[in-house]
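Asks: Chains A, B and C, in that order, give the protein sequences. Residues in the first sequence are numbered from 1 upward in steps of one, following the numbering used here. Residues in the second sequence are numbered from 1 upward in steps of one, following the numbering used here. Residues in the third sequence are numbered from 1 upward in steps of one, following the numbering used here.
Since the hints were made in silico from the structure, they are not lab data. Values in this document were obtained by computation on a predicted structure and should not be read as measured data. Beta carbons: idealized from backbone N, C-alpha and C, even for Gly. Treat the hints loosely; a few may be bogus.
Unchecked claim - Output of the computed footprint for chain B on chain A, the stretches with three or more beta carbons under 8 Å from beta carbons of chain B: (1) 285-297; (2) 304-314; (3) 326-335.
Stated by the list, open to error - Some residues of chain B that are not near chain A, with every Cβ distance over 12 Å (derived): (4) Ala-28; (5) Val-32; (6) Leu-37; (7) Trp-46; (8) Leu-95; (9) Gly-115; (10) Arg-125; (11) Gly-126; (12) Glu-141; (13) Leu-326.
Each chain, letter by letter, is given below.
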Amino acid sequence: MRVVKVALAVTVALVVAACGGAGNDKGGSGGSAGAPNKAAGFDGKTIKLGVLTPLTGTVAVIGQPLTAGNEVYFKALNASGGVAGKYKVELVQEDSQYKTDIAVQKYNKIKGDVVAFTQVLGTAPTLAVLPQLRTDKILAAPASLDALWVREDNLLPVGGPYQVQAINAMDYYLSDGGGSKGDTICTMIQDDVYGEAGQQGIDFAAEKYGFKVANTQKFKVGTENYAGQIGALAGAQCQMVFLVATPSDAAKIWGTAAQARFAPQWIGQSPSYTGALAKSAVAPYMKQSVLIVAEGTEWGDDSVPGMKQMVADATKYAPDQEPDYYFAFGYNQARAMTAVLEKAVELGDLSRDGVLKASGALGNVSFQGLTGDYRYGPAADRNPPRSSTIFAVDPSKPFGLKKVKYNFTSPAAKEIEFKKADL
Amino acid sequence: MRPHRNLVRGYAQDLRLFGSPVARVGLALMLVTLLVLPTVVQDDFWLSVLIYSGITAIGAIGLNLLTGYTGQISLGHAFFIGAGAYAAAVFGGDLGLPLPVWLLAAAATGAVLGGVIGPFALRLRGHYLAIVTLGLIFIGEHIWRNLRDVTGGNNGTSVGAQATLGPVDLGALKLAGETYSRNQGYFWLVWGLVAVVALLAKNLVRTRPGRALRAVRDHDQAAEVIGVRAGRYKIGAFMVSSAIAAVAGALFGSYQQHVSPDDWTLLLSIQYIAIIIVGGLGTVFGSILGAIFVGALPALIDEYSSVIPGVATEAGGDGFISVFALNQAIFGLLIVLFLVFEPRGLAGIWFRVKAYFKAWPFSY
Amino acid sequence: MTTFLTNVFAGLALGSTYALVALGFVVIYKSTGVINFAQGGLLALGAYLGYTFSNNLVIAFGFAILLACLAAAVVGASVERMVLRRMVGQPPFAVIMITIGLLFVLEPLITAIWGFDNLPVRNPWNIQTVQVGQLVLGVRDLWTIGITAAVVVGFFLFFRYTRMGLAMRATAFDPEAALAQGISARRVYATSWAIAAALAALAGITLAAGPGGLQPSISSIALAAFPAMILGGLDSPAGAVLGGVIIGLAEALTRGYQDQLFSWAGDNVSVIVPYVLMILILLIRPYGLLGTKDVRRI
Chain A
1 MRVVKVALAV TVALVVAACG GAGNDKGGSG GSAGAPNKAA GFDGKTIKLG
51 VLTPLTGTVA VIGQPLTAGN EVYFKALNAS GGVAGKYKVE LVQEDSQYKT
101 DIAVQKYNKI KGDVVAFTQV LGTAPTLAVL PQLRTDKILA APASLDALWV
151 REDNLLPVGG PYQVQAINAM DYYLSDGGGS KGDTICTMIQ DDVYGEAGQQ
201 GIDFAAEKYG FKVANTQKFK VGTENYAGQI GALAGAQCQM VFLVATPSDA
251 AKIWGTAAQA RFAPQWIGQS PSYTGALAKS AVAPYMKQSV LIVAEGTEWG
301 DDSVPGMKQM VADATKYAPD QEPDYYFAFG YNQARAMTAV LEKAVELGDL
351 SRDGVLKASG ALGNVSFQGL TGDYRYGPAA DRNPPRSSTI FAVDPSKPFG
401 LKKVKYNFTS PAAKEIEFKK ADL
Chain B
1 MRPHRNLVRG YAQDLRLFGS PVARVGLALM LVTLLVLPTV VQDDFWLSVL
51 IYSGITAIGA IGLNLLTGYT GQISLGHAFF IGAGAYAAAV FGGDLGLPLP
101 VWLLAAAATG AVLGGVIGPF ALRLRGHYLA IVTLGLIFIG EHIWRNLRDV
151 TGGNNGTSVG AQATLGPVDL GALKLAGETY SRNQGYFWLV WGLVAVVALL
201 AKNLVRTRPG RALRAVRDHD QAAEVIGVRA GRYKIGAFMV SSAIAAVAGA
251 LFGSYQQHVS PDDWTLLLSI QYIAIIIVGG LGTVFGSILG AIFVGALPAL
301 IDEYSSVIPG VATEAGGDGF ISVFALNQAI FGLLIVLFLV FEPRGLAGIW
351 FRVKAYFKAW PFSY
Chain C
1 MTTFLTNVFA GLALGSTYAL VALGFVVIYK STGVINFAQG GLLALGAYLG
51 YTFSNNLVIA FGFAILLACL AAAVVGASVE RMVLRRMVGQ PPFAVIMITI
101 GLLFVLEPLI TAIWGFDNLP VRNPWNIQTV QVGQLVLGVR DLWTIGITAA
151 VVVGFFLFFR YTRMGLAMRA TAFDPEAALA QGISARRVYA TSWAIAAALA
201 ALAGITLAAG PGGLQPSISS IALAAFPAMI LGGLDSPAGA VLGGVIIGLA
251 EALTRGYQDQ LFSWAGDNVS VIVPYVLMIL ILLIRPYGLL GTKDVRRI
């Protein structure tokens with residue numbers, strides 16, 4: 001990243017020199033010919049970015065570390081000069097409370113003060129804000145791995161979508177995981193859009209790999225008693241179950257399964273897990289029967305340069321931060337947004353249109369192993385990363401996860417296409 | 001000697017909406033504010049807060065008709081609001097009909113649903129009715145999540161209902177060479193409708209049906225005895241209230257452009273009940289006051305949260321209570337305080353002040 | 001058959017929790033005529049207090065339960081004394097809203113003190129199981145059913161054979177006559193709130209001791225207890241228990257047989273089964289199964 005920044009700084013300097021505008025003929029305002037003009041959220045020195053996240057409420061357990069990830073990345077960036085080495089970044093945070101109407105109100109509140117939104121958390125708030133993003137021509141990075149965002153010009157997604165995770169998980173199970181096509185494969189999904197994304201992936205994999213989903217159980221978020229669903233899965237004699245849930249429900253589901261002595265091979269989608277689970281009463285069961293599909297690597301794994309850098313930054317700027325892969329996600333979002341901003345600076349335009357153009361002109365962005373490389377560009381041509389990592393639960397590791405298979409891409413994951421949704 | 005200007009000499013005069021000169025001046029002021037405010041307050045944030053407050057005011061007027069005037073406790077208001085939003089999505093979005101048509105279609109949908117739920121009020125009363133309407137919310141949520149073609153299921157659906165009145169599109173208003181933003185256009189639309197609905201409600205309430213509703217509220221068996229068909233009025237109240245709620249929902253959907261089943265929760269119903277309590281049960285003006293108060297309060301707390309000690313404003317900021325929790329706690333506290341100390345709500349305070357000045361300098 | 005029995009057992013365990021909460025509702029309603037929407041908040045409060053007693057103060061779990069119930073009882077009685085005492089004579093609607101307001105104050109209070117994370121309650125049951133023939137029964141579920149049964153029996157004994165119980169029944173029947181007999185209505189009201197809060201706390205802790213730990217959304221289970229209370233009849237304790245068990249069984253059985261029998265009604269029908277059942281029964285018996293009919297005078 002640093003090499004890129006230095007190269008950009010040099011390029012800008014050269015352009016400035018070439019234009020012959022090395023002097024201060026415009027006084028203190030616009031600066032020299034190559035630098036971008038002032039725009040909404042950019043006063044010539046600082047770039048302001050918006051964050052719409054639940055800082056409070058039940059989803060704050062995701063919103064807080066994610067925002068911390070954004071903050072730490074930008075703090076580290078500012079320490080080395082800022083975007084293109086010149087412009088520091090400041091975050092304008094608003095609490096969306098994970099509610100759609102509050103998100104819209106807060107969006108209206110800060111949209112005039114920011115260049116772009118580096119985080120909008122949640123599928124529903126993002127969908128609520130999207131029509132306005134289109135009208136206002138603002139770019140936003142959604143903190144959600146739904147495939148819906150891939151083909152939207154006004155959104156800057158990061159990471160492999162849930163569908164890809166599901167496909168890779170099935171590929172792992174059928175190859176290294178010891179499963180076969182004839183096994184009884186089942187799914188248990190949350191009854192909402194997040195759950196359906198995972199199910200889509202499994203259905204695609206079923207088609208490509210030739211297996212059938214024998215049983216699908218749905219549940220409502222916050223259910224207290226899962227005996228019925230677990231009973232149904234046990235009755236269907238599932239040998240493998242793919243779980244799409246959030247940590248509190250996942251804890252209850254796995255607990256109920258442990259209690260019912262039902263132990264298929266569970267594979268959980270990344271948001272099903274959080275570090276606290278490895279310290280709970282369900283940990284022994286999880287160690288034995290649960291795998292998690294996500295991206296990136298174990299916290300603190302120095303063999304991956306991106307992880308090494310991130311841990312160093314976290315230790316320096318947020319020493320109280322516990323290992324958390326939501327933090328890593330926020331960190332990655334910030335990196336993607338920085339790439340867009342640097343492109344915009346290169347093109348000399350930090351206005352809204354300029355930022356959108358930069359997003360369309362962006363090429364491949366590397367995340368140094370924290371997540372797969374993302375080929376950005378015009379929304380119709382984007383290619384999200386197709387790789388995932390399988391983790392096992394190991395209470396002795398930070399965040400409780402131990403990598404089993406790192407950064408692999410299955411053939412089916414390469415094939416899945418992302419179409420523009422009718423939003 | 002001429003009689004005092006406030007001497008009322010006939011029943012018809014007593015019922016007049018804007019009888020005294022003061023009231024007429026007040027009306028003029030309100031109209032002027034309605035027209036001028038968006039051009040003065042151009043800030044998108046406050047306009048959107050006011051627009052949401054206006055939509056809430058419409059819903060609150062509907063609920064006040066049902067609960068304040070007819071005495072039927074209903075926790076199911078959110079269900080009818082949701083129905084209105086989806087009606088707008090179908091009639092305005094999918095079928096592309098103009099504003100008056102999809103608004104009326106939404107109202108009709110609400111009325112039909114209200115007519116279906118209404119008969120329950122005949123069989124059940126008081127607490128039992130309240131809990132059954134509570135069940136309505138959960139059943140409604142189940143329906144919204146499963147009726148994927150209409151509601152988009154869990155994903156929610158975009159509501160493409162445009163605010164077009166013939167050649168005029170309120171979402172992108174161009175008048176006399178000036179372009180108005182979406183928020184400004186919608187402000188006029190929403191608050192214009194607030195005025196219309198309030199007028200309709202007030203007219204309903206000060207004439208015969210209104211008296212019948214109040215009779216049903218006070219003692220429905222006695223009302224039957226004197227010839228008021230309680231059953232008919234109860235169902236009618238449900239229908240009108242649901243129709244108005246559906247209109248509010250349609251506006252909500254049209255403004256926000258995207259709705260999902262997660263929007264229509266029990267919390268929304270409770271918020272509406274809190275609004276009519278804080279505003280004043282059994283008054284139309286109170287519904288509007290309550291809506292503005294409860295709608296603007298979170299925004300105000302937010303603006304000044306940095307000044308309030310002990311409130312955490314940023315992720316990982318210091319302070320032991322978050323803005324959200326503070327909001328909820330204040331909300332709960334408001335409900336309790338108003339009920340204990342001022343059961344007639346904000347409207348009660350307003351009427352007291354008005355009465356004081358009406359009799360001035362002989363107030364006591 | 002095993003599936004059926006497993007589901008029945010799960011239904012009984014769930015039903016026991018509902019029965020405890022519904023019993024609390026009914027106790028308050030019977031003596032004061034108020035439906036207490038804040039019962040869910042008291043349930044959560046009791047569970048979190050139990051967590052503190054068991055985990056932070058490292059008290060034996062049995063004692064932690066007792067202490068939490070006592071603490072909740074104190075909270076309940078003080079709420080009654082400070083807030084509801086002033087609402088005597090107000091229309092029932094207003095009092096319902098006050099209890100909702102209380103709920104809104106309790107929830108942020110709980111999250112401000114204990115946060116939003118999933119907390120594991122230290123308890124001896126966890127996810128242990130007992131094998132009975134073909135069935136695998138959870139230890140926690142067995143204890144929940146057992147404790148509930150004991151509490152219900154104790155409850156009826158209390159109402160039947162103690163002076164306070166008699167006083168409460170008398171006040172519920174006719175407050176003025178009871179006053180004339182020298183029964184302190186204030187004591188009765190405070191006691192009924194204390195008992196209801198203690199019952200809620202008990203339900204909360206036994207629920208939190210199950211698999212999955214404790215988080216703030218635990219209070220929403222009280223919403224599902226409403227149908228139980230209505231079904232049984234607002235002023236009938238026996239009805240509350242019966243209603244709780246019926247609703248629990250219905251929910252568990254629907255969930256268990258969702259695929260085979262109920263897929264036509266959409267996904268996850270078991271969530272709304274309590275309400276549908278309640279509405280159906282109310283249509284036939286508008287005052288619940290065992291509730292007393294309202295005699296209304298003109």
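Asks: Determine which of the earlier numbered hints do not hold for this structure and return their numbers in increasing order.
Replies: 1, 2, 3, 7, 12 and 13
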